[in-house]
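Visitor: Residue-level listing of the chains:
Number of protein chains: 2
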Amino acid sequence: MSPFTFVDAVASVGTLDAGAERAAIAHHDRLTKPRGALGLLETIGIRLAAIAGAMPPPVPTPAAIAVFAGDHGVLAQGVTPWPQEVTAQMVANFVAGGAAINVLSRQMGATVTVVDVGVITDLDDAHGLLRRKVRRGTADLSVEPAMTIDDVERALDVGAEVAAGLVDRGARALVTGEMGIGNSTAAAAIIAALTGRTASEVTGRGTGIDDAMLARKVAVVERALDRLGPEPDGRTALAEVGGLEIAALAGFIVGGAARRIPIMIDGVIAGAALLVAASLCPQALAFTFAGHRSTEPGATAVLEHLGQEPLLDLGMRLGEGSGACLALPILEAGARVLAEMATFDSAGVADKT
Amino acid sequence: MSPFTFVDAVASVGTLDAGAERAAIAHHDRLTKPRGALGLLETIGIRLAAIAGAMPPPVPTPAAIAVFAGDHGVLAQGVTPWPQEVTAQMVANFVAGGAAINVLSRQMGATVTVVDVGVITDLDDAHGLLRRKVRRGTADLSVEPAMTIDDVERALDVGAEVAAGLVDRGARALVTGEMGIGNSTAAAAIIAALTGRTASEVTGRGTGIDDAMLARKVAVVERALDRLGPEPDGRTALAEVGGLEIAALAGFIVGGAARRIPIMIDGVIAGAALLVAASLCPQALAFTFAGHRSTEPGATAVLEHLGQEPLLDLGMRLGEGSGACLALPILEAGARVLAEMATFDSAGVADKT
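Protein chains in written order, with numbering that gives the first Met the number 0: chain A, 0 to 352; chain B, 0 to 352.
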């Protein structure tokens with residue numbers, strides 16, 4: 000069997016099912032509650048029906064989180080106080096089950112799959128780790144292309160293949176996760192490039208940096224954008240100023256959409272990947288939910304650009320998929336309400352006059 | 000054994016444990032994440048430690064939801080399009096498991112206990128229903144006191160006893176729920192009285208009313224406030240313009256605080272009860288979490304008055320405890336992160352330089 004590629008995924012992304020959507024809207028108005036009183040929970044359930052093509056929609060469990068890991072040549076510019084080896088150390092922490100995303104995924108009954116798509120060091124085989132290294136980290140995006148277009152294609156393929164594989168093994172929702180010291184610099188460059196905002200509008204403190212380092216980071220993003228030029232497409236943006244895990248996440252999103260599965264988007268890094276996915280396959284957007292609003296300014300720029308409303312706003316900025324994972328019960332509730340609530344007729348409750 | 004009364008509850012509410020709080024703050028800074036990166040999740044975990052007096056705090060599951068039901072004499076003024084019998088019909092729906100709160104509580108592994116504290120009709124015995132009727136509905140708060148001070152005391156006692164009973168039978172978090180056609184009018188009056196806001200600032204559309212009915216509802220709340228006079232205490236506000244389920248909820252909150260258990264507060268009705276609880280027992284507030292921001296203006300007035308940040312903001316306005324129930328996984332995550340995440344030392348992850 001030939002592998003499922005990004006090109007395959009783009010070709011098979013369909014549209015939402017308007018019939019199931021209408022049925023869900025109509026059913027919501029028969030349930031024992033004032034019409035519209037469940038707010039976004041109603042919107043979510045209706046879209047889950049449209050995604051699945053079924054009313055009620057299937058409950059979107061279990062979820063699968065994929066944490067794509069990669070390193071960044073831009074670390075040479077001093078954009079973060081964290082040493083590069085933390086990327087590989089955190090991969091080991093994910094595999095051992097000790098990171099925040101492991102704790103949250105266990106609570107949600109979800110799996111965590113770690114995918115090495117570009118960590119600079121060699122990683123040993125481990126349970127829960129997929130070795131799909133495209134290259135050992137990116138080049139320094141402030142002075143040269145982060146990677147080649149061929150690298151981009153391979154990373155997109157890794158993401159699409161991982162998404163399809165997780166769904167084929169039973170996942171009924173996907174969650175975007177990532178790890179890569181320096182990746183908030185690449186994400187800021189992608190977001191500025193694809194939303195038309197300036198570097199200073201979308202560049203944030205990432206893992207927590209001081210004013211001097213933030214100024215340096217903004218200047219680095221500005222240099223990258225100058226090299227890139229205006230209005231690039233998603234592939235070019237990835238190659239020039241992106242990251243391997245960001246490219247893989249874009250493929251993962253489109254791969255999940257191709258399988259008609261809801262995809263919960265995490266914070267600023269996943270937001271950059273979502274912009275790329277929307278550039279390369281606009282229909283994929285309808286299969287995604289914004290899990291939360293990260294404190295990073297670039298995350299809000301993405302939400303505004305795409306007109307998405309986040310499910311959570313808890314002042315989180317960790318990444319790994321943590322905010323998106325925490326939003327999974329809201330997705331599940333949106334489906335369960337449509338499947339399990341009584342109607343005015345079935346419960347013998349009088350409607351308003 | 001004598002019953003656990005509201006007065007007993009007030010007498011036994013303690014203070015937060017400063018030692019456990021400090022230990023949780025220090026532990027968060029050793030976990031494998033940038034300091035502060037989990038935002039409100041860190042704040043929640045730290046307060047759970049301070050509530051329990053233990054680091055890590057115990058996981059706050061299972062939760063128990065108590066839905067207090069009562070009727071309202073103010074329906075005579077035409078403040079809602081829903082007929083009064085819907086209160087009792089919805090109680091039957093809760094007992095049968097078909098309401099939104101049943102669906103959400105099943106998802107969260109929580110129990111639902113329905114408490115008749117003032118439904119106007121007689122209710123038959125049923126599994127999951129506690130018959131604690133103080134009186135058959137309130138009087139019309141726009142023309143006379145809604146109930147006597149003695150009624151208030153008895154309803155406060157019911158709430159405190161229910162909270163203590165649920166905790167004694169194993170609940171590790173409590174959720175405020177309610178049902179009562181007309182109760183958003185009583186809640187608006189309580190909130191205006193105890194926050195100093197005007198009727199028009201805190202009176203909303205409740206289950207969904209048109210402009211003419213909203214104007215009538217505001218006028219009704221204004222008349223109630225004129226009768227009540229300025230700066231009442233919680234008991235007087237309850238007796239003059241309150242509701243039986245609101246009084247019971249205030250007792251429930253203080254009862255949970257007395258047992259040192261986190262209490263998740265729902266929307267505008269629960270917010271009115273929280274103001275009463277804060278008036279009668281200020282120390283109880285530290286044991287509560289604002290589950291969500293209801294779309295009702297009175298709910299936001301309560302959050303602002305008490306300086307609380309809601310965990311969810313999903314445009315919900317159903318009541319029943321639905322928004323608070325949906326926030327339970329966030330509470331649980333706050334505890335689990337402190338209990339289960341690896342530290343920089345234990346995971347061999349380098350700290351930032």
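Among the hints, erroneous ones may be present.
Stated by the list, open to error - Far from chain B, by Cβ distances over 12 Å, these chain A residues were calculated:
# : residue
1 : 17
2 : 100
3 : 232
As the list claims (entries may be wrong) - Label-pair distances were calculated between CB atoms; the ranges are:
#  : chain 1 : residue 1 : chain 2 : residue 2 : range
4  : B       : 281       : A       : 95        : 40 to 48 Å
5  : B       : 130       : A       : 351       : 39 to 47 Å
6  : A       : 14        : B       : 95        : 32 to 40 Å
7  : A       : 148       : B       : 52        : 40 to 48 Å
8  : B       : 84        : A       : 61        : 55 to 63 Å
9  : B       : 84        : A       : 282       : 46 to 54 Å
10 : A       : 130       : B       : 344       : 52 to 60 Å
11 : A       : 148       : B       : 207       : 50 to 58 Å
12 : B       : 28        : A       : 197       : 27 to 35 Å
13 : B       : 52        : A       : 95        : 27 to 35 Å
What the hints contain is simulated information worked out from the structure, not anything from laboratory work.
All C-beta atoms in this analysis are idealised placements derived from N, C-alpha and C, irrespective of residue type, glycine included.
Visitor: Against the earlier hints, flag every one the structure doesn't satisfy and list their numbers going up.
Guide: Violated: hints 2, 5, 7, 8, 10.
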